[in-house]
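There are 2 protein chains.
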Amino acid sequence: MFVETYETYNAVYDKILKGKVVVVIDTLRATSVITTALVNGAKEVIPVADIEDAINMSGHLERDTILLGGERNAVKIEGFDLSNSPLEYSEDVVKGKTIIITTTNGTRALKKASSSDDVVVGCLLNVTSVADYIHRENKDVVIICAGTEGKFSIDDIITAGAILDRLEKLSPYESDDLSKASYFLYKSFQDNILNIMKYGYHLNRIEKLGFHEDVEFCTTIDKFSVVPKYVNGVVRLV
Amino acid sequence: MFVETYETYNAVYDKILKGKVVVVIDTLRATSVITTALVNGAKEVIPVADIEDAINMSGHLERDTILLGGERNAVKIEGFDLSNSPLEYSEDVVKGKTIIITTTNGTRALKKASSSDDVVVGCLLNVTSVADYIHRENKDVVIICAGTEGKFSIDDIITAGAILDRLEKLSPYESDDLSKASYFLYKSFQDNILNIMKYGYHLNRIEKLGFHEDVEFCTTIDKFSVVPKYVNGVVRLV
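Residue numbers (the numbering used here), protein chains in the order written: chain R, 1 to 238; chain V, 1001 to 1238.
Bound conformation, chain R alone:
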């Protein structure tokens, strides 16, 4: 098993993904939102790249079966039902619903991943389940971090490291240098990942916008034991 990690989706090409398990990570907050929504009973989550796509798609579905969610510049999109805060995706809100979501980086990273037929959604909330899934699939792995504004983002990298820490206990694997750096960075801060995550640009930006509770929620390790899987443009639980 060989694991490659990419700091953003920009350098990911289709041929890299063929035949691999692809893990898409956008810890703050898209993949945390998707995971939480599905745990809380959402039927499915459909990630779309653009606001227009989200609105168009909602027009083709029964309006009371769907919710529109997402963000631009970390804040709620005008006319949408939900923002990009996982705390809004509670059971009473999302149960049985199809959620159409568009976020700056996370949904774009998922679209990019879709040339693999084995794409799962990772965040700190489900690192052990993702590692278990990788172990069971027993294929080469590509971890695609969403990144922030096209750049390396500590929150995603620490999540990758946490997954690799669990994977190491299950499967022998080899990996590229960014996977190794992610692993060692995670190991150095595993007793309190906030001691490094608090320096992250994106975490600070979200804190400043008043989303402290989101940060607390999204940095909780293994809150859930689920693996959301992205198949034919739709994310559902495995």
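No lab work stands behind these hints, which were simulated from the structure alone. Keep in mind that a hint or two might mislead.
The list that follows gives simulated cross-link-like pairs (lysine to any residue, SDA-like), each with its CA atoms no further than 20 Å apart [stated by the list, open to error]:
1) 1198/V / 173/R
2) 15/R / 1198/V
3) 169/R / 135/R
Add chain V to chain R, keeping to what the hints say.
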């Protein structure tokens, strides 16, 4: 002062570099070679991207004043005087010479950096001198890692972290997430950087090719107190 770090030169655009101090790092081995050659009395080093450019340029200079150096796939180029091993660039060989060098990543990273008029060469051999230089210049900084085969390379990232560790003691600075990750990774292994560097793909590749002494040499911190500066296509000591 704001510091940005790039894992390779691929994502670096000219406008990012304008008005900044740019530090180009290719620890294994191009920037270590350039630094060593200049310490040992080479008059100047001219990095060129292609083998053909190197040969063409040598044709326009007195043959006994120049040396052709570099590598492709980590090994010496046919017909060249020197490979990419810093150990070959001893005083008796290089003193007073102009060295035309072409390497896979390092010289390309320098070319990319050249839209700034303040570009210096960094490696583990001169981290404190580079940090001192950045402190004196007191401008924003871009660290460009050469990377390996277009990807994140632990050797370069640890070097960036070591420079930032020294810089922190001299200047208050803010930085992007990859700078912070490099810093924390370095700090976690500062007592013995080989404990992480030994996992690097590129270091292992060089070891397997038989260049163990090169690795030992290039991973020595602060062997030299010089800052090679790249001006108008030529590297000389400041």
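The hints, checked one at a time:
1. Using a Cα cut-off of 20 Å, the hinted pair residue 1198/V and residue 173/R holds, with the two alpha carbons roughly 16 Å apart.
2. A C-alpha spacing of about 29 Å is found between residue 15/R and residue 1198/V, which places the hinted pair above 20 Å, so the restraint is violated.
3. Taking the CA atoms of residue 169/R and residue 135/R, the gap is about 10 Å. The hint holds against a cut of 20 Å.
Consistency with the previously given hints fails for number 2 only.
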